[in-house]
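Chains as they are written, first to last, in our numbering: chain A, 1 to 394; chain B, 1 to 365; chain C, 1 to 283.
Hints listed in this document are in silico derivations from the structure and should not be mistaken for laboratory results. Everything numeric in this text was worked out from a predicted model, so none of it was measured. Do not take every clue at face value.
[As the list claims (entries may be wrong)] The list that follows gives simulated cross-link-like pairs (lysine-lysine, DSSO-like), each with its CA atoms no further than 27 Å apart:
| id | chain 1 | residue 1 | chain 2 | residue 2 |
| --- | --- | --- | --- | --- |
| 1 | C | K111 | A | K311 |
| 2 | C | K10 | A | K194 |
| 3 | A | K131 | C | K140 |
| 4 | B | K224 | B | K151 |
| 5 | C | K10 | A | K123 |
| 6 | A | K301 | C | K111 |
| 7 | C | K111 | B | K12 |
| 8 | A | K131 | C | K138 |
| 9 | B | K14 | C | K69 |
| 10 | B | K125 | B | K104 |
| 11 | B | K27 | B | K74 |
[Said to hold, decoys possible] From chain B, some residues computed to sit far from chain C (all C-beta separations above 12 Å):
| id | residue |
| --- | --- |
| 12 | E53 |
| 13 | N68 |
| 14 | S97 |
| 15 | P265 |
| 16 | L269 |
[As the list claims (entries may be wrong)] Label pairs and their in silico Cβ distance ranges:
| id | chain 1 | residue 1 | chain 2 | residue 2 | range |
| --- | --- | --- | --- | --- | --- |
| 17 | B | E59 | A | V108 | 21 to 29 Å |
| 18 | B | H243 | C | T170 | 46 to 54 Å |
| 19 | C | A24 | B | L102 | 52 to 60 Å |
| 20 | B | K14 | A | G140 | 41 to 49 Å |
| 21 | A | G140 | C | P108 | 13 to 21 Å |
| 22 | B | K274 | C | F105 | 55 to 63 Å |
| 23 | C | R221 | A | G163 | 24 to 32 Å |
| 24 | B | Q133 | A | I293 | 50 to 58 Å |
| 25 | A | Q300 | B | L311 | 40 to 48 Å |
| 26 | C | P172 | A | H385 | 15 to 23 Å |
| 27 | C | K11 | A | F174 | 27 to 35 Å |
| 28 | A | A23 | C | D169 | 29 to 37 Å |
| 29 | C | K140 | A | T126 | 22 to 30 Å |
Even glycine gets a Cβ: it sits at the ideal position worked out from N, Cα and C.
One-letter residues, chain by chain:
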Amino acid sequence: MEILRSIYEVAWFILLIAAGVAALVGYLYTHFRYYDRGWFAGVALAGYPVLALAGLRAAGLQLPSAAAWLFFASALIYVFFRYAVKGRHTVPYLLLAPAFVGLALLLVYPFVFEVYLSFHDLKLTTIMGWKNTGYLPFVGLEQYVKVFTTSPLSEVSFWALLGRTLLWTFSNVFFHVVGGFALALLLNNAIRFKGAYRTLLVIPWAMPQVVAVLAMRGEFHSQNGFVNIFINKLLAVFPFLASLGVAPVQWLSDYPLLTCTIINVWLGIPFMMVVILGGLQSISSSYYDAADIDGASYLQKLRFITLPLIKPVLMPAVTLGTVWTFNNINVIYLVTGQSGGTEQADILVSALYKAAFTYNRYSYSAAFAIVVFALLFFISVTYLHGFDAAKEER
Amino acid sequence: MASVQFKGIVKKFKDNLVLNGVDVDIKDHEFVVIVGPSGCGKTTLLRMLAGLEEITDGEISIDGLRVNELHPSKRQIAMVFQDYALYPHMTVEENMSFALRLRKTDKAEIAARVDEAASILQLKKFLKRMPKQLSGGQRQRVAIGRAIVRKPKVFLFDEPLSNLDAKLREEMRVEIAKLYQRLNATIIYVTHDQVEAMTLAGRIVIMNHGIVQQVGSPIEVYRKPANLFVAGFIGSPTMNFLHGRLSLEGETLFFSNGDIKLSIPPYLLSDAKKHDGREVAVGVRPDDVLVGRDGEKCSDKVEGVLEVCELLGHRENLYIKVGETRLQATVEAFFDRSPGSAVQLCFNYRNMHVFDKATERRISE
Amino acid sequence: MTEKEAILRKKQLRYLLIHAAVIAAAVVCVYPLLRIFSVSLRPGDKLFSTDLSLIPDGATLSAYASLLKDTMFLRWLWNSLLITLATSFIGVSLASTAAYAFSRFRFPGKKAGLILLLSSQMIPAGMLILPLFLMIMKLKLMNTYLGMIIAYSVSSLPFSIWILKGYYDTIPRSLEEAALVDGTSQVGAFWRIILPLSTPALSIAFLFNFTTAWNEYLVARVVLFSSSQYTWTLGLFELQGQYITQWGMFAAGSMLVTIPVLAVFLYSSKWLISGLTLGSVKG
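Taking the hints into account, I'd like the entire structure generated from these sequences.
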């Protein structure tokens with residue numbers, strides 16, 4: 001019964017959203033079609049918001065300011081299409097409309113809202129007042145100053161976090177690429193069971209990340225984790241290793257960042273391997289034949305043929321990988337976050353999440369997020385710029 | 001079936017002028033080949049007729065009806081694309097019937113028309129196959145079949161044979177010629193291959209740089225090329241051009257470029273005085289450069305050195321150097337002379353063409 | 001003869017080394033999964049043993065039984081499935097048309113739109129949660145499926161658009177032109193020709209949307225608060241770390257959510273690979 005009810009519920013939601021998209025497209029269609037008729041301006045400015053408002057109210061939403069917003073949006077759309085588009089690009093805009101309205105509502109609006117928050121002061125003490133009266137104290141750039149001067153958590157400073165993040169990003173991406181490359185080169189040989197190997201090798205990527213990370217975290221547990229058990233067994237067999245300083249380690253409490261890095265490297269290699277393998281397989285074997293005739297060694301072939309030819313595949317993957325690693329909150333949060341413990345492994349984004357949801361410093365975290373976003377944007381633009389330059393060269 | 005008119009067609013991509021005032025009249029039941037080097041605007045012209053490209057200026061009409069703003073499907077045309085554009089997810093039969101199904105044609109009628117087209121093109125065995133399972137030639141047939149099924153007023157072919165190998169191309173050329181006789185339709189065919197143009201066309205439209213250079217029957221454009229471009233483009237091997245100056249000596253007009261001096265007979269340039277001192281290019285097809293046995297009879301002989309011989313089988317290409325001027329001659333095999341030896345040659349004045357250097361237009365009769 | 005044998009021997013050695021290296025890597029990749037499996041089979045009193053054998057002594061399915069009986073695990077799976085399917089459906093349909101506009105048309109704002117898509121990838125994950133939370137609260141959709149669906153629906157949109165655009169770019173334009181001549185409209189050509197041809201890319205986008213939403217927990221933690229509405233990620237969190245007995249159930253639950261996802265993923269991995277490389281090379 002329950003299950004039937006929830007199916008019904010979700011089907012109804014999907015229908016609702018489909019109806020919303022249809023209404024949106026229909027609205028835009030008439031907009032495009034009649035935008036240059038004399039009567040249309042008035043009708044569009046008055047009629048459509050009224051209709052949309054009626055729809056919203058029928059759907060059970062009673063937002064007093066919605067009318068004003070709808071009116072404003074309608075006027076904006078009208079002006080844009082009347083003076084900027086002039087009916088020439090109807091089809092592409094219609095195709096884009098649903099996706100971009102979605103993005104505007106659920107991505108751009110939250111982003112702008114965060115910018116708004118970052119100039120005000122929203123924290124636990126002001127949130128009730130804000131909820132009741134809508135008043136938030138304006139503090140200007142204070143939050144941004146705080147980002148650079150105070151700690152987002154309790155001890156680490158912004159600069160320490162930044163350094164740690166860069167180290168984390170660089171070492172992860174580096175090992176992803178190196179490991180992925182090595183495995184891809186191995187798999188690119190004509191060996192038996194190639195398909196089976198590839199299947200096994202992508203398992204870390206294919207597993208649900210939450211499960212994978214928590215499982216790996218278990219393996220680093222000081223008593224029950226595989227890593228320490230393995231070290232103990234090793235010591236039992238080769239006692240002389242102990243004199244070399246090999247001993248079980250409290251991974252999670254003593255070396256949390258190293259542990260996170262190992263786990264994330266384990267998680268990320270398969271993606272790079274798959275991308276690089278795809279690239280390797282697209283290189284025509286005639287280049288290698290030509291190099292063989294020219295007498296190139298294996299390493300020379302790697303250096304002068306494989307690397308340059310794989311670059312167009314590798315560069316976007318590396319850029320994307322950098323962004324993802326930089327923003328990777330999952331691994332660090334899952335490994336260190338919940339036990340409420342260490343700050344030693346926090347990078348910028350995990351500190352950001354904790355500042356907002358553990359310490360409830362909303363405005364501060366908003367300013368922090370914008371700084372992080374700007375940083376990442378700058379890094380990627382430099383990256384892509386370099387990539388474009390490399391493209392020009394070829 | 002229908003006639004097609006292009007009136008003052010202009011096409012601009014941003015500031016780039018692709019077509020500059022094209023006027024062509026195509027009559028009912030005519031097989032017209034538009035030919036030119038790549039980038040001359042011929043495909044753009046065809047796509048504008050199909051309605052796939054906006055018309056910047058001018059007017060296109062089919063059967064006297066202006067079609068500038070008409071949706072492609074309303075123009076009653078069918079098009080065969082260079083890469084065939086067969087829908088990969090439909091069988092041959094579905095590909096051929098797609099347009100009819102869109103128009104909600106009666107099912108029996110669709111079946112009959114597909115069947116007819118398939119039997120004309122010997123495709124009956126392949127109706128249930130997917131395009132992927134066909135060879136290049138078969139795909140080509142399906143693309144043509146898809147056009148036939150619709151019974152359009154005008155067939156448009158956009159370089160249909162350029163993706164086939166040489167042997168298949170010849171076969172399909174003959175197929176298309178046969179098809180034309182059978183359908184008796186208006187066909188507009190775009191190609192960059194002048195052999196296709198010469199063999200298929202009722203009339204050839206030669207284009208370059210977005211301008212129509214000459215319109216005429218294959219024989220006309222071969223025998224009387226209107227300008228230097230047409231002369232160089234039509235005919236294989238390419239025509240020899242001698243660049244030099246005309247001068248009047250007594251009553252006779254002479255051409256000279258330093259290496260070669262020729263008397264120009266009055267049936268080529270009648271008013272000799274008018275042409276005194278003019279910079280010209282004289283064109284002679286390799287067939288009309290007479291060497292060896294053919295050349296023994298003529299009077300104005302030129303001394304040259306044989307550089308390279310190419311044996312083609314029944315003919316032989318000779319590359320001859322006269323002073324600094326290089327000439328190509330085509331003679332009957334076997335021309336039994338070794339490279340480096342001296343040869344005598346002369347020209348067949350009847351088939352010689354004289355073009356003005358400045359205007360590039362033909363000035364000979 | 002001996003020289004030939006030596007070469008052969010060298011070649012065999014090479015292949016042996018390759019196999020050894022790949023097998024070692026594969027073991028590292030698979031081992032944690034096997035360990036969860038082994039933990040999930042352990043009887044309750046031996047959960048924290050240092051035993052490394054794959055099938056533990058006294059292996060039992062009691063963890064699975066108590067997971068299904070004593071917790072709302074099935075309900076959590078069901079919640080996750082509904083939310084994820086709805087989100088993926090919406091995400092892919094929005095992306096498919098938008099990507100078509102980017103692939104086939106020139107229009108003012110095209111470049112800006114693409115840059116917006118790219119830069120949206122750089123927004124830190126924690127940044128949008130608070131505004132989304134406030135929005136969902138204002139819409140009175142806390143603790144509901146719809147709230148989750150709304151929050152998730154655009155999260156994979158930029159990447160999906162990117163992948164689909166890359167794929168559309170490889171479909172020759174002449175196909176649509178042929179369809180236009182045959183009598184479809186521009187949108188009709190998209191619907192009848194391009195979409196059916198793009199099934200591989202659409203599946204990849206769907207898979208991508210699916211896995212993102214399936215594995216998400218940061219937003220879910222904020223939006224969902226009653227345990228009957230939990231997704232499996234939140235549910236597993238609840239099992240994990242509090243009491244000793246639940247470690248076994250956690251492992252059992254992990255196995256149950258991993259196996260179907262793994263199966264789908266491995267089944268479609270060929271498409272996934274071609275789709276990823278296409279997207280990145282031609283994007």
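The hints, checked one at a time:
1. C:K111 to A:K311: Roughly 24 Å between the alpha carbons, so the hint for K111 (chain C) and K311 (chain A) holds.
2. C:K10 to A:K194: It holds: about 21 Å lies between the C-alpha atoms, which stays within 27 Å.
3. A:K131 to C:K140: Holds - the C-alpha atoms of K140 (chain C) and K131 (chain A) are around 15 Å apart, at most 27 Å.
4. B:K224 to B:K151: Not satisfied, since the Cα-Cα distance of roughly 36 Å exceeds 27 Å.
5. C:K10 to A:K123: Distance ~69 Å between K10 (chain C) and K123 (chain A) Cα, so the pair is violated.
6. A:K301 to C:K111: violated, 38 Å
7. C:K111 to B:K12: Holds: K111 (chain C) and K12 (chain B) sit about 23 Å apart, inside 27 Å.
8. A:K131 to C:K138: holds, 11 Å
9. B:K14 to C:K69: violated, 70 Å
10. B:K125 to B:K104: With a Cα-Cα distance of about 26 Å, the restraint between K125 (chain B) and K104 (chain B) holds, given a limit of 27 Å.
11. B:K27 to B:K74: holds, 20 Å
12. E53: violated, 10 Å
13. N68: It holds; N68 (chain B) is separated from chain C by about 16 Å at its closest Cβ, greater than 12 Å.
14. S97: violated, 10 Å
15. P265: For P265 (chain B), whose nearest Cβ neighbour in chain C is about 52 Å away, the distance exceeds 12 Å, so it holds.
16. L269: Given a closest Cβ separation of 49 Å, the condition holds.
17. B:E59 to A:V108: 21 to 29 Å: violated, 46 Å
18. B:H243 to C:T170: 46 to 54 Å: holds, 48 Å
19. C:A24 to B:L102: 52 to 60 Å: The hint (52 to 60 Å, Cβ to Cβ) holds, given that A24 (chain C) and L102 (chain B) are roughly 59 Å apart.
20. B:K14 to A:G140: 41 to 49 Å: holds, 47 Å
21. A:G140 to C:P108: 13 to 21 Å: Roughly 36 Å apart at Cβ, these two residues miss the hinted range, so it is violated.
22. B:K274 to C:F105: 55 to 63 Å: The hinted range 55 to 63 Å holds for K274 (chain B) and F105 (chain C), with Cβ atoms some 58 Å apart.
23. C:R221 to A:G163: 24 to 32 Å: The hinted range 24 to 32 Å holds for R221 (chain C) and G163 (chain A), with Cβ atoms some 29 Å apart.
24. B:Q133 to A:I293: 50 to 58 Å: violated, 38 Å
25. A:Q300 to B:L311: 40 to 48 Å: Cβ of Q300 (chain A) to Cβ of L311 (chain B): about 45 Å, so the range 40 to 48 Å holds.
26. C:P172 to A:H385: 15 to 23 Å: Once the Cβ atoms are compared, 32 Å apart, the range 15 to 23 Å for H385 (chain A) and P172 (chain C) is violated.
27. C:K11 to A:F174: 27 to 35 Å: Distance hint for K11 (chain C), F174 (chain A) holds at roughly 32 Å.
28. A:A23 to C:D169: 29 to 37 Å: holds, 31 Å
29. C:K140 to A:T126: 22 to 30 Å: This hint holds: roughly 23 Å between Cβ atoms.
Hints 4, 5, 6, 9, 12, 14, 17, 21, 24, 26, counting from the list given before, are not met by this structure.
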